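Chains as they are written, first to last, in numbering that gives the first Met the number 0: chain A, 0 to 268; chain B, 0 to 299.
Since the hints were made in silico from the structure, they are not lab data.
As the structure is a computational prediction, the values presented were derived from the model and not from experiment.
Idealized CB from N, CA, C, for every residue including glycine.
Some clues are possibly wrong.
Here are the computed distance ranges between Cβ atoms for each label pair [what the hints assert, rightly or not]:
#1 A:26 to B:37: 14 to 22 Å
#2 B:125 to A:264: 25 to 33 Å
#3 B:125 to A:39: 46 to 54 Å
Residues from chain B shown here face chain A by an in silico Cβ test under 8 Å; the list is partial [said to hold, decoys possible]:
#4 51
#5 73
#6 77
#7 83
#8 87
#9 91
#10 92
#11 95
#12 100
#13 101
#14 102
#15 104
#16 156
#17 269
Covered by chain B, per the in silico footprint, the following chain A stretches (three or more residues, Cβ under 8 Å) [as the list claims (entries may be wrong)]:
#18 89-103
#19 240-253
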Amino acid sequence: MRATATTPMSGSFQGVNDLKLIGRQVRYEQLSFWLNPIGAILTIGFSTVFLLIFESTAGKSTVKALGGIKLIQYYVPGFVAYGIMSSCFSILSITIVNRREMGLLKRLRLSPAPTWILMSAVFINTMILCVIQIVLMLAVGRAFGVHGPANWVPFLLALVVGIFGFTALGMGVSTLVPNADAAGPVVNIVFFVVLAFSGLYYPITPGSTLANITDYLPVRRLIVSLQDSFNYIPGTSPWAWHNLGVIAIWGAGGVFLTLRRWQWAPRRG
Amino acid sequence: MPAVSVSHLAKSYGDVDAVKDVTFEVEKGEVFALLGPNGAGKTTTIEILEGFRDRSGGAVQTLGVDPSNRATQRWLRTRIGVVLQELAVEPFYSVRQVLTRNAGYYPSPRPVDEVIELIGLKEKADQRVKRLSGGQQRRLDVGLGIIGNPELLFLDEPTTGLDPSGRRASWDLIRQLAASGTTVLLTTHYMDEVEALADKVAVLFRAEIVASGTPTSIGGRDSGTVTIQFSLPEGVSVSDVPVPAPRVVDGIVRTSTDDELRVLHELTGWAIDHGHVLPGLAVTRVSLEDIYLNLTRAEQ
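Construct all of the structure, not just a fragment, from the sequences and the given hints.
Put into structure tokens, the structure is as follows:
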């Protein structure tokens, strides 16, 4: 026979420390990711392979609009942006939809672990994956003679705003996807189409029609923010407040969607 | 104080009533079954009791607290266990890893090895969840429900999809839990499960409770008509047999009566006096399934 219930209480309870629980939950999030090594390597390595392919085709090409820098110098901050968007937006939203539809979110919700701990662990895990991708991009760039960032503080600020903005957006988009089957196609089609028109693969001339359209999107704003701080262009400012503002507005939209539409139970739409 | 107390519970989605005016109590240590067809409101009811879903009306107490009260929700969740209707286990963890992770959410969980033993997965403890059979995954699901050493266990259709031996193993586990003092509230649409496990049962149909009681008495089962049947002895005409309104089909005589003691007395006395045996003599009370079908058919 077990001990019977004592007086109900709120907040923490004896025996389970919230901070330890976050650390433990992050470890299990990481374990879950790495226990599928093929998926993990493809997820993490995709951006690296992508960058290597672009580097091999770039040759000695330069970008006139950015003061004649080498094309690989242009690609590295772009692929750092890609790493952020891939981890925080694409992988996160697909993971959330899959967990929701498998009933895993519902099971966690019914456990005594508080929601904020569970969600913090998901975010921290996302950030770890994101940082791994960023470090890989910078290391690959360094191996090919890329120098930078020219301005570390604005660069780090852009990373932080990008991580939070796209994490919020990823959470928000997950609430719009009706089922697990749709998660991959919906998220990836939107992601890669927007990337293609936002200057990841080739420079877009500021003021062009394409630039004017994609300027409204957070993808281009993050790529430009990281470009401006990574590559020093004489006569320009590394501080891209307006770009970060646009990312923050999209992030706020993601938060709004999450708060309005979040569901723990499978939707089976 | 009962483990669960539900009074005039209501839950609606727009104009649709998922549950209306549902009232029942589950005593501590009892196995209580909510029986009903798909869409009757069973899952909605237990989700409200778990604090997963808010109610639209009525009063609910789970282990003495309102499950929708955010201030005591975490306390409540350390004392309840939940087995969901559908499998919900991460595919890449091993059995031991997923149980160890979930044990960490509770202040005084059951030892992981004990749970692995209880659910019969000792040989599979280090195997990945995705490599388990459907039945083994279902047992792991039950393991996750009991890892926190709950006082009250909610089982939402725990044996759906299991083969007969898997069902029996689950029943044995539920009996063990009940014997150790765990209160169990289960939903099912299997009559044999109710008869094998439940101390009390309520039939939920179209969002309402249409009958409740013990499995042997629900719907007047213990006091209703019984059927007496036997094979007609050779050389005997059915008109000679002293039973009221006999029906003969393929040589089997059947009669229905509310007074089985008197009818049996007269029938067996007559058989002894005339030197007849009555092959296949059986007395059958109306089955739980008959009661259930009558209750739900009458409402249609």
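Which hints from the list above does the structure break, by number from lowest to highest? 1, 3, 11, 14, 16, 17 and 19
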